[in-house]
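Both chains are sitting in their own frames, so use the hints and assemble them into the complex.
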Amino acid sequence: SQKIEQNSEALNIQEGKTATLTCNYTNYSPAYLQWYRQDPGRGPVFLLLIRENEKEKRKERLKVTFDTTLKQSLFHITASQPADSATYLCALGDSSYKLIFGSGTRLLVRP
Amino acid sequence: EAQVTQNPRYLITVTGKKLTVTCSQNMNHEYMSWYRQDPGLGLRQIYYSMNVEVTDKGDVPEGYKVSRKEKRNFPLILESPSPNQTSLYFCASSFLAGEEQFFGPGTRLTVL
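Heads up: the sequence lines are chains L and A, in that order. Read in order, the letters of the first sequence correspond to residues 21 to 131 in our numbering. Read in order, the letters of the second sequence correspond to residues 63 to 174 in our numbering.
Just so you know, the hints here were simulated from the structure itself, not pulled from any lab data. Every value quoted in this text rests on a predicted model; they were computed, and no experiment measured them. Every residue, glycine too, gets a C-beta built ideally from N, C-alpha and C. Any given hint might turn out to be false.
Partial selection, computed: residues in chain A whose CB lies under 7 Å from chain L [as the list claims (entries may be wrong)]: (1) Glu162; (2) Gly166; (3) Gly168.
For reference, chain A alone in the conformation it holds in the complex (with noise of 0.2 Å):
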């Protein structure tokens, strides 16, 4: 089945733990993109990747960091996060950049 997975998909930590949220699709797509959900915001990019080893800021970068060393996998990493991070996250894909994306199921982020 052709699909966008992300793990964990909840996860409550507290501030400066590093935590790395996967993200993983079989169906392969060059576009890869990290979102962050928060109430009356929308869906904001984090990053983007728009091949293997090719990744640019979205709009809220800060506090995030990427890596796309394989087509399949764009992993996000929270270094040190803060409480300010708490938020869903979707990870989505699309066989070129600007065609349709596909979601993932969203990772629910709690810091403490």
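Just chain L, with the same shape it has in the complex (with noise of 0.2 Å):
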């Protein structure tokens, strides 16, 4: 069956720091990858969509890779603050436009 790993333990970085989260998955052909982020209490914010035949996407402090052969989606924050400490969600879609999630991966970014 399909399957999306992301770790669940929490990465504990200090800030200024690229924070790197990864996404795995298996048995799956995804057209596309999502991820979003989200705080305790609250719906997810959507952050970065990179499409199968796209490699690097970039928005300000974010980058996100995605390599199909892998089977791996790597999330990039760079000079991580503590305001970006918050559950990291990856989301995978295919050509029927089903989403399947990943559990998230909690961020914490010390001062």
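Here it is, written out as structure tokens:
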């Protein structure tokens, strides 16, 4: 069955460092991949979308890569700030436009 | 203000009592979707709709119904709720399928 894996352990880093979050998938051929941020008690907020024919996308301090051979996406936040502390979700969609989410990775940025 | 609204935000009910959670968006989006979020399981898609009168099952549709009679509204219906439907529910919409989704604030449902 389709499976998306995100590191369930929290990622704890020092302010100013680069945070790298991983999203791996199996038994799936996604047409696109999205990353969302979720704060406690709130709905997810869209960050970036990358399509299967794209290798990398950037938006301000955010960068996402998509390797369909490795079946992996990496999400980077450069110059991280305490305000970046949140749970980050990856989601994969295919041509049916059904969307499958990973369970998320919690990021903690220490001042 | 562009937004997705859900009502109610909190609901405690009993097994078997039919309920409806409303979802409305004011952005003229074609794609709408319902998710449930449970600890350790992440967000799971219940149903989605590509446009008016077009709905499809997501990963966990059992025990739920939806309808899309108007573009802006996408209600989630639980005909006979059971305790395993206790969860946090999110509605989302996007201009087109496959694009960034805007999520509502969530509805916390408890079924006793």
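When the hints from earlier in the document are held up against this structure, which numbers fail?
none
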